[in-house]
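Dock the two chains into a complex; use the hints.
These protein sequence lines are chains A and B, in that order.
Just so we're aligned: 17 in the numbering used here is position 17 of the first sequence, and the numbers increase by one with no gaps anywhere.
Just so we're aligned: 143 in the numbering used here is position 143 of the second sequence, and the numbers increase by one with no gaps anywhere.
Among these hints, one or two may not hold up.
As the list claims (entries may be wrong) - Listed below are the simulated SDA-like cross-link pairs for lysine to any residue, each with C-alpha atoms no more than 20 Å apart in a straight line:
#	chain 1	residue 1	chain 2	residue 2
1	B	Lys247	B	Trp237
2	A	Lys44	B	Glu381
3	B	Lys399	A	Asn38
To be verified - Here are some, though not all, of the chain B residues that point toward chain A, as calculated from beta-carbon distances under 8 Å:
#	residue
4	Lys72
5	Glu143
6	Thr222
What the hints assert, rightly or not - If we take Cβ atoms under 8 Å as the criterion, some of the chain A residues that face chain B in the derived model are:
#	residue
7	Ala24
8	Leu27
9	Thr28
10	Glu29
11	Ile30
12	Lys44
13	Asn65
14	Gly69
15	Arg94
16	Asn99
17	Asn102
18	Phe156
19	Val167
20	Ala170
None of these hints come from the bench; they were simulated from the model.
We put the beta carbon where it would ideally sit given N, CA and C, even for glycine.
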Amino acid sequence: MKNFNGQVLFLDRADINTDEIIPARYLTEITKEALKPNLLEDLKFEGFDPEKDISGKNVVITRSNFGCGSSREHAPWAFEVNGINLVIAESYARIFRQNMFNCGMMAVELPAEVIDRLFAEFSDKQTTIKTDFENSRFIVKADGKESEILFSISGFDRALVEAGGWVDFADKNY
Amino acid sequence: MGKTVAEKIFDAHSVDNPHDDIHVIKLDAVFCHEITTPVAVNDLVSRGKDRVFDPDKIKAVIDHVTPAKDSKTALQGKIIRDWAKRNEIKDFFDIGRNGVCHALFPEKGFVRPGYTIIMGDSHTCTHGAFGAFAAGVGTTDLEVGILKGVCAFHYPKTIKIKITGTLPQGVYAKDMILSIIGQLGVNGATNKVIEFAGPVVEQMRMEARMTLCNMAIEAGGTCGICYPDMNTVDYLWPFISDEFESKPAALTAFKEFCPDLDAEYDDVITIAAGGLSPQVTYGYKPDTVKPVSEMAGTPVDQVYIGSCTNGRIEDLRVAVEVLKGEKISDAVRGIVSPATPAIFNKALEEGIIKIFMDAGFCVTNPTCGACLGMSNGVIAEGEVCASTTNRNFFGRMGKGGMVHLMSPATAAATAIAGYITNSKLYKA
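Isolated chain B, as found in the complex (with noise of 0.2 Å):
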């Protein structure tokens, strides 16, 4: 019988199996933060066991409230800071260098097909955009990552989403997997991972796909998986041009890590991008999705563009697409985090920070901040955001706020009417 993705890597990383389906595997990479890895670095102190498993495994950053809020935001980062130098892990990521982590560590080359990956943030299945087994975990799994360089989770079970057609013009990886989302509920994915496949996401930059394979969690899916291809080989390419005699050999190695022809899957969904439209939620779910000419004329508050899920340059650039020669509506205040430091500065060189301010935008550092209602653009009770993060929970971004989760397309064109509206770069 043939292998799905993450059957692939779980055999090559299995070091025991104690139980039943569980498996424990050996980690490649234990990234860290500083909203959940304090508490595991003051239990690993507190039982004599102030040690990491490898320091050039494991790669942290300071991304949540930066720079730090408060006098308790700013012990979060001096215990990471002083754990990270103490324990001489150089891949340390202060203000100044720091982003948010799903943008940063594959912009810094820290993942590679077939990769082993945790990280106490459920956003961490980002990071099967590379073909790799990544997955979020909380603070004990993660104690255990950076002591022993090892996880337990159930031999994995496999959703195969095959996206055919191309999508239409102005519509995105965003609309795609919020649609994907309303078709499998929250839970339509729980303790399996997802495998993208068909022709659109072979078409998607690694951007993208990064989008797509972020979600994946909001479905209750453990890892998203795209497989590596020669647009994997070309994002990686400045960081393995020493391990590989050419970018086709690199590709050679990569396609180890893609399923078998005749791997079984728990379910394979065929799904038709051609008819696709832009997509927006309208509830407290990130399931409950609806297209964005049925919510078309609903008012927000604000509008943010960032995150794990819609920060990368691509992202931006579809924005001031929108934004160019516009302004913001007087009823919307708008703030955009470019979500690494080489993003910002790309930005700028293009040419895109100056439009974001003319039309009237709050640009801020690189920051996680906003999107889960911890700093750099809380709203208050009773206001409407609409944003291109990924959660739409009751309060998310501010105790009794409400989330319209939706493309940066989208949130440029509701920027610019002070409603939620479809931009101009979809032809209806």
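Isolated chain A, as found in the complex (with noise of 0.2 Å):
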């Protein structure tokens, strides 16, 4: 299984898109590592910037519709070679999510008053994130303050993260 630890970034913003990830301009690229210095390189909102914010980073907390827009896989891509395996945000676009979980990452829908007390709680402190996926729960601490978060993922998605990925899953079932 990947690393669904670590330190967190958080994007506050709604409806995300693949072309802020990664940029079309760089899906002339033919390997992951290729994408490495490009994500999130056309995302602009006030106090985000992708020079100083995303090194390391390996959790992504956002808002809704993350992941809008093109099918790209090149967008979960960028994110882990960039070490970030793991999102949690309110709500995904469906090809973007499935791309996740197709990979072996984890693309996890928490409700937004959960998110919100992420927001509120976290997003200004150094914060780092655990993952328990056996028992589907978050460790988030930051400066001394723990905070314990219950998610749940579909059979199908644990399924996907215990076997790396769609194809090996495929692979072996079909």
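This is the structure we're talking about:
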């Protein structure tokens, strides 16, 4: 299984699209590694600077309809090669969400009020998340403060994460 | 309980139900292009599984950047070209025969009512215009589709949108779908199929239905679906005349993929077409939609007519109705990309290309390039493009650029004026 622990990058905007995650001009790359420097390059909003804010982060917490737009799996790959295998959001666009689990990564949905609380309590601090996959819970930590958040993912999504992605799952089963 | 179109198709294709409402369905077609396929091909090669489930069910094209613009895009073309050759994929469309996938593949007769189709491209929802379940997927789903001929989906939920009345003169399928996205919002149909029904859709030719279904994804929809009828049969007849003894016989067979009268929907929305005016986007999301009249006077630097949304012959015909005898503004660069070689040829025969050129448009070969800022019409930082495409994300057609989505009629009128304006075809 991939690593789902580490420092959190908070992205406080809804409807962040795949062109903002990785612009189409980089879709000419044929390796995942080549996407590394360009993650979130076109995402512009106050309080976010891709050049400073991404380094060292392993988890993204964001708002609703994350990953809308294109089908490009380059979006999850750009996260993966930057060490980010876990996104936590209020909701996702279908293809992005499926692409994440297909890669053995996680796109976890939490209710709006829980996301609101995470932003309110943690977004201005150095925050880390530890994922207890077996018991479906996140331990969120900052400045000695700790919060336990339960999550739920479907049996299918869980199986994809355990299998390391859809290719391995499908190859074994179909 | 009755079934929706997507439910009927799923029930006819389901091969496994591994968890909850997840169904693994067998695929009737897997479409491929040179941007999202090469990584799948390389992965299959590295796994020692360089094979395809059925070479006749895989259709491939180079369309996003063609002719190749640099070494990287040349390599992407080479990877898909070599892969198609060694796997004996006979329906591979290389330069000279290539066009925008969602215009080319229907035109080649690769879509049928009741089909299941995936492609590593979000606008695959276009093919639902034929009464098929067609969904955009990522490269991993595509890879499994290529290898195994299956894909996993949640059992589909459906929103039915019934469009009543008649579209006013000078108002088109593009205006209708922009207005619908404006009402639904960019995630109003997420994880759902949209059935487009009602008299307005029944009157639409297949080209207009494809425009409608093409943008279902901009409301988050998995697929847009129109019901197969005689228009569908007429369009497909050159490809199916051997299979059916008559058009009515084909229609009877295809009607199987119309919904049951007692089908259950997540939501049913009725929209009256009569009051609709030409629409345009004003922001960086496709649901930021206003009547053109409210954006009139907004200057643009470039006008682009083309794409899987509006690069078909009907679209070009409408544009030249506006452009005939006119010159585009000195302040504007006009670019038109007929979506396929057949459309290009037809446009030549009908004198459409000459009208575009006389008006001052640059005519490019069929390609997706400009729509996503990859080639053939990228705009500069701070520039504005009036475009018949489907996405207006910040920087979509070029870093730091702005896109206003509109119909071909509005785009042509905007090119003449140099600023956003209604076309003369629309009488307010």
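Hint check:
Between B:Lys247 and B:Trp237 the CA atoms are separated by roughly 7 Å; this keeps the pair inside 20 Å, and the hint holds. A distance of roughly 14 Å separates the Cα atoms of A:Lys44 and B:Glu381; the hinted pair therefore holds under the 20 Å criterion. For the hint pairing B:Lys399 with A:Asn38, the CA-to-CA distance comes to about 13 Å; that is within 20 Å, so the pair holds. With 8 Å as the threshold, the beta carbon of B:Lys72 comes within range of chain A, its nearest partner Cβ sitting at about 4 Å, so the hint holds.
Taking 8 Å as the C-beta contact cut-off toward chain A, the hint placing B:Glu143 at the interface holds, the least distance being around 6 Å. For B:Thr222, the suggested interface contact is upheld, since its CB lies about 6 Å from the closest CB of chain A, less than 8 Å. Given the 8 Å rule on beta carbons, the hint for A:Ala24 holds: about 4 Å separates it from the nearest Cβ of chain B. Given hint, A:Leu27 at the interface with chain B, holds; its Cβ is 5 Å from that chain's nearest Cβ, closer than 8 Å.
Because the closest C-beta pair between A:Thr28 and chain B is about 4 Å apart, less than 8 Å, the hint holds. Annotation: interface hint on A:Glu29 holds; nearest CB of chain B at approximately 7 Å, less than 8 Å. Among the interface hints, the one on A:Ile30 holds; its C-beta lies about 5 Å from the nearest C-beta in chain B, closer than the 8 Å criterion. The criterion of a C-beta within 8 Å of any C-beta in chain B is met by A:Lys44, whose closest approach is roughly 7 Å, and the hint holds.
Annotation: A:Asn65 was flagged as interfacial toward chain B, and the flag holds, the nearest CB pair being 4 Å apart, inside 8 Å. About 6 Å separates the beta-carbon of A:Gly69 from the nearest beta-carbon of chain B, less than 8 Å, and the hint is met. Annotation: A:Arg94 was flagged as interfacial toward chain B, and the flag holds, the nearest CB pair being 5 Å apart, inside 8 Å. The interface hint given for A:Asn99 is met, as the beta carbon of that residue sits about 4 Å from the closest beta carbon of chain B, less than 8 Å.
Because the beta carbon of A:Asn102 sits about 4 Å from the nearest beta carbon in chain B, less than 8 Å, this interface hint is met. Among the interface hints, the one on A:Phe156 holds; its C-beta lies about 4 Å from the nearest C-beta in chain B, closer than the 8 Å criterion. Interface restraint check for A:Val167: the shortest CB-CB distance to chain B comes to about 6 Å, inside 8 Å, so the restraint holds. Restraint check, A:Ala170 versus chain B: the minimum CB separation of about 4 Å is within 8 Å; hint holds.
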